[in-house]
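Visitor: So the chains spell out like this:
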Amino acid sequence: MEYIKVDKERCGLCGGCVAVCPAKVIIMYKERLEIKEGCLKCDKCIKVCPVGALSKNG
Amino acid sequence: MDKNYDVIIVGGGPAGLYAAYKIEKSFKVIIFEKDDVIGEPILCAEGISTNTLKLFFKDGDHPFIRNIYSKLKVKYKDLEANIDIPGRGLIIDRSKFEKYIANKVKEENNFEIKTGSFVVDAKVENDHVKVILENGEEYFGKILIIADGVESYLPNKVGINSVCNLVDMYSCYQQIIHDPNVKDEEIIFDFTPSVAPGGYLWVFPRGNNEANFGLGITSSLDCEKPYKLLNEYREKNYPNAKILREFPGCVSVNQLSRMYTDRVMVLGDSARAADPITGGGIDNALRR
Ligand SMILES: Cc1cc2nc3c(=O)[nH]c(=O)nc-3n(C[C@H](O)[C@H](O)[C@H](O)COP(=O)(O)OP(=O)(O)OC[C@H]3O[C@@H](n4cnc5c(N)ncnc54)[C@H](O)[C@@H]3O)c2cc1C
Ligand code: SF4
Ligand code: SF4
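If you're matching them up, the sequences are chains S and Y in order.
Letter 23 of the first sequence, counting from 1, is numbered 23 in our numbering, and no numbers are missing.
Letter 208 of the second sequence, counting from 1, is numbered 208 in our numbering, and no numbers are missing.
The hints are simulated quantities; they were obtained by calculation from the structure and are not laboratory data.
Check before you lean on any hint, since a few could be wrong.
[Stated by the list, open to error] In silico SDA-like links for lysine to any residue, alpha-carbon gap of 20 Å or less: (1) Y:Lys225 x S:Val6; (2) S:Lys36 x Y:Leu133; (3) S:Lys41 x Y:Thr278; (4) Y:Lys106 x Y:Val37; (5) Y:Lys225 x S:Ile46; (6) S:Lys36 x S:Val25; (7) S:Lys24 x Y:Asn165; (8) S:Lys30 x Y:Lys114; (9) S:Lys30 x Y:Glu40; (10) S:Lys30 x Y:Thr115; (11) Y:Lys157 x S:Leu40; (12) S:Lys24 x Y:Ile132; (13) S:Lys30 x Y:Phe247.
[As the list claims (entries may be wrong)] To give a feel for the contact side, a few chain Y residues facing chain S, derived at Cβ under 8 Å: (14) Lys34; (15) Phe118; (16) Leu166; (17) Met169; (18) Ser219; (19) Cys223; (20) Gly249; (21) Leu256; (22) Ser257.
The beta carbon of each residue, even a glycine, is placed where N, CA and C say it ideally should be.
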């Protein structure tokens, strides 16, 4: 299971999580966010998100 | 189709567009923008100074101005300063602003702007650069300008580390509100720590009692999320406000110490060029 879960309804595609991700595994396409393999489980993306659209799975 | 260019620019925001406008017209230049329309969507409070306008757009009319304010209110806890600042700053229509520069790029410079084109990868190879689009298409250039905004995904692909520290990032939330208590002539900053921890709250008047109303907090702090803080403040201070649109946003500061490498330049938010005090990034995106 992926470590980070994206709430698509909440995400406003602001790019903050992409900017702080040290593993560069988050990609922001035109209309969606995708998290590739290689997550370091640092939780920085959760912290930066202004709307709480990211959370830990499980 | 020939896919060789002198300059390839990634990102059709103020930084990418203005850089293109400044390139010698005889060059063959292409801009890739992932969104379908230049200037949309907009995640910005749209404040710029009159200086920026004078510096970059001396000639002609400025069809992108929304409102010119004349008063500044700064709040900190119980303290309040009210200052007259006629003619110092204005609120623009960011969408029209970007379209205005894009038109110059297309009509005066004859450069190509390819929208709906997401660049997934970039490489520097011997005597050229290569970018790859989401659909697999490859383009080649002598020089690559990366202006892919706050997300700054591409610099790391070419060996420039642009990962932003949480302390250098401001997590923001903005609502466009309509409220009779919004004064068209007054811009407000509230630095009260409990309102916006490590950042500030802004009310930028758009005219017709509308405002870009938002706040940004330092992302490293443990506190409520920006959208909650903003809603609390609005319910207290603008209880009857109508919300016309709302969105999250992020502003990064602490400019990269090295914004270039062989054949590549990084500009604007991608290079973390926004002003560390105000978070304003349009002026610096035009400058570098
Ligand atoms: C809530 C908020 C309020 C703000 N208010 C102000 C303000 O009042 N005044 C001010 O001066 N600044 C403000 N800013 C900052 C300002 O918006 C930025 O500094 C400015 O947008 C930077 O311009 P840019 O061209 O570097 O980046 P952007 O405007 O982000 O442009 C980057 C462009 O690149 C595109 N792109 C990204 N990746 C790719 C890719 N891989 N392939 C193709 N295209 C791509 C994006 O779609 C985007 O159009 C605010 C920011 C926020 C978040
Ligand atoms: S937890 Fe850290 S490494 Fe994993 S996606 Fe989030 S920011 Fe990237
Ligand atoms: S920080 Fe939050 S709102 Fe912004 S792109 Fe990432 S998940 Fe979406």
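Visitor: Check each numbered hint against the structure and report the violated ones by number, ascending.
Guide: 3, 19, 21 and 22
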